[in-house]
Amino acid sequence: MIKTRTNEREPQKFLSRCPQSRFSASSALIFAFRAVTLAAVLAISAASPARAQETPRGKALGKRVLCMCGGCEDSAGLCNHPGGTFSGPCETARGMQKDLDAHVTRGESDDQILQAMVEQYGPTVLVEPPKKGFDLLAWIMPVAVPLLALVLVWAVVRRWRHNATLAPAGGPQVSAEFLARAQQESGKEPGSEHNE
Amino acid sequence: MDILGSFALLLAFLAAVYAVLAGTVGIITRRTLLTKSARNAGMAVFVLVTIAVACLEYFFFTNDFSIVYVVEHSNRALPGFYKFAALWAGQEGSLLFWSWLLSIYAFLVLFLNRKRHPELMPYVGVVLAGIQTFFLTLNNFVATPFRVLAGPDGAGVMHLAKMSEGHGLTPLLQYPEMVIHPPMLYLGYTGFSVPFAFALAALLGRYPGEKWIHITRRWTMIAWCFQSIGILLGAHWAYAMLGWGGYWAWDPVENASLLPWITGTAFLHSVMMQEKRGMMKIWNVWLVFTTFMLCILGTMLTRSGVVSSVHAFAQSSIGSWFVGFLIITFVVCFAAYWKNRDYLRSDNQLDSLVSRESSFLFNNLILLAACFAVLWGTLFPVLSEWVQGSKISVGAPFFNKVNVPIALFLLLLTGVGPLLAWRKTSFDALKRNFAWPFGGGLIAGIIGFLWGFRDIYSLLCLILGVFVTLTIASEFFRGARVISARDGTNIFTSMGELTMRNTRRYGGYVIHFGMVLIFIGIAGTPFNKDLQKEMGVGESLRIGPYTIMCQTFDHLDNANYESDRATLEVFKNGKSDMLLFPERRLFHASQVTETMVAIQSSPLRDLYVVYAGRSPEDGKPVIHAYLLPLIKWIWFGGIVVVLGTGLALLPNRRTALVLRPATERSWADTLAEATPAIGAVARRVEGHD
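Just so you know, the sequences run in chain order A and B.
First residue of the first sequence? That's 251 in the numbering used here, and the numbers climb one at a time after it.
First residue of the second sequence? That's 1003 in the numbering used here, and the numbers climb one at a time after it.
Isolated chain A (complex conformation) (with noise of 0.2 Å):
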């Protein structure tokens, strides 16, 4: 469960990191100024940050699409980059969780904003499969093939039964010698009506 998640391909450019710049006082500062006008600007630009806008549907759908961001691997709505700058979401699930909430405040189901979600990012953003044409597969299969397994099982039970059925009506033969030693056995081992 080596969870190493590299996240080179997130898109937090503005954070404008060198590989070489240690993490150090100065930097943080830095950085923090970058940060402060940063958010000064976001605030012009947009007048109420992503999170405040979350709605319980948006928040629903968020898990069902992937982060598009390519590092992490996981659904918009659980985006968390463990090894990275910032472990929380980062701005590509940002980004989508906010398209999301756009989308249900428009009054869309479900259904239409995940097809949209599709036609931005192709089929991968959604997190399970969907229920049609061949991907429907990845769900019957897993129902499928236990069933089929038990078809077969009981046609082998039924088969095992008939052997059982034409064995000799005294049962297999045993010798004297281990029936006594099967007696000596069961008397010293208790519940061995049902032993291993």
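Simulated from the structure, these hints should not be mistaken for lab results.
There may be inaccurate statements among the hints.
[Claimed, not checked] Each pair of labels, with its calculated beta carbon distance range:
id : chain 1 : residue 1 : chain 2 : residue 2 : range
1  : A       : P373      : B       : N1560     : 19 to 27 Å
2  : B       : F1332     : A       : E369      : 38 to 46 Å
3  : A       : R356      : B       : D1457     : 43 to 51 Å
4  : B       : S1578     : A       : S359      : 42 to 50 Å
5  : A       : V403      : B       : L1452     : 34 to 42 Å
[To be verified] Distance condition first, Cα-Cα at most 25 Å in a straight line; then the derived SDA-like pairs of lysine to any residue:
id : chain 1 : residue 1 : chain 2 : residue 2
6  : A       : K313      : B       : A1446
7  : B       : K1535     : B       : G1248
8  : B       : K1531     : B       : A1446
9  : A       : K313      : B       : S1392
By construction, the Cβ of each residue, glycine as well, lies at the ideal position given by its N, Cα and C atoms.
Got chain A sorted already, so can you dock chain B onto it with the hints?
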């Protein structure tokens, strides 16, 4: 030293090839001397691979940065035990580690059985050496760990180079479990080679009877136990290290470790059918073949990049080697089966549908269904891409939807199966055995529902969990009562006596109980809560009964990493309860950040707090708090499973004398020959004295 290491690996390869060839010729020409020599070559592989491993470790501990593998996975400031563990941190080293573990198993098998089963062991040696040859091929010619740094000068002549400092170990791997989780998992993966080798050997050599199952029972259980520990440690690592509040993501590599564990579990159960009733011989052979092939498939998935996974191993062309090996393995297994299938003819009879036999059939059916569902979901993206040309995602929700019902059905069987008698169970016995446990389960369900278990699967899991626990308890109690009535001892002494007389059966029950605890832990998942909030000093957030207030932030620095840390005070019901210190570390060598999660664990729930970093928007510290019910039960259940396995591995107290065939030598005797002192102890343990 790198020459010594490479040379040892090359010799090991030659020794393994010799063991295969000489062993085969020895079997065909029936020359004892040749088979003996092949066996010794098989044992020599262990010594040679050990030398290679020691060389690589020597490079790590002497900071020899002329070796590429050392440069990539270590640095000077890395603590010693991580330097040791860096052996298995990358592709080349972990393959070497794999070879080494396999050679240890092979050595033990060949050594402990060197004077036993003379008809069977040559075949076993050949099969094990064959597997070893494959891995040593990889070690020598595909992914050699002893590659040295070198570069061409102006004239194009290659020169050796040396770095002054390494790149360091991936920070995610710098966690105590890194030292123990991969070895456990690998011991599981490689351990299944032993029953595989015996099964194939018995088939190839047409070795009569169920002996291979008796010989390999302990080996299989040990491999299974290591695999269980490995999986659980990995889950715990993901939980404690990654800071996402989860422990299992249905990632392809996690699934790959689960697959052989599932078929191994099925095998451990279905062999009892063969031992007790001589049934299912073909099935058992194929089950152990499948388990081994799934181990190889799992190794391949981890390393080849066939399926997209977040688990780190450089994508490489090594996958085609594994595909080739899988195909060869399958062809050999199938040919052996086809040629000797008449030898596997079973005496299959079933007296009643309500019997232990049919419960084992269903157990295997369900386990294989789970295995198929996981495998299908893991490989479906590849299949879909192949058929339709476009890739799709199969994420965790798919696996949960498909596997949770299967797992619950399995839990039901765990309760029902052991209480059914072999051959036939009467309706009265059914009523007598199941009325109380089932009633208890229902009552627990009602209490659970009132208490807030309002998720259908969780509720079912609770009911079944209590049901299974009560059936297990009643088994112990009824058995102990008989003993206590006869011997006049108290009920607890009698339970100990009972357990020690049939360790396999009662150890099995303990394992079942451990699984119940794990299931209950998993059933808490639907009730997880989480909250992410920007927090300055003095600000607070509320989650469940807890209020978390931010006291201060500080900054730490040492040679390996520097970190940002938050000091949080946690109030429960208005009273100050504890301090938590979630942390984010930046590792100097690799420039990678890592979260150190602060977890307050209790049997009821874990409070799990992550210092997520500075908000990308305004630079304020962001705290992510999770409330995760019942998680602790999973880890506790894991411990119980391991204890149960240990118990089941112990020899029975008295019956060992009665049941052991006089012709078969015990492991204690074998050990006694090697080292009399240990052997004497072993004999006493085994109950010979």
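Hints not upheld, ascending by number: As far as the earlier hints go, 1, 3 and 6 are violated by this structure, in ascending order.
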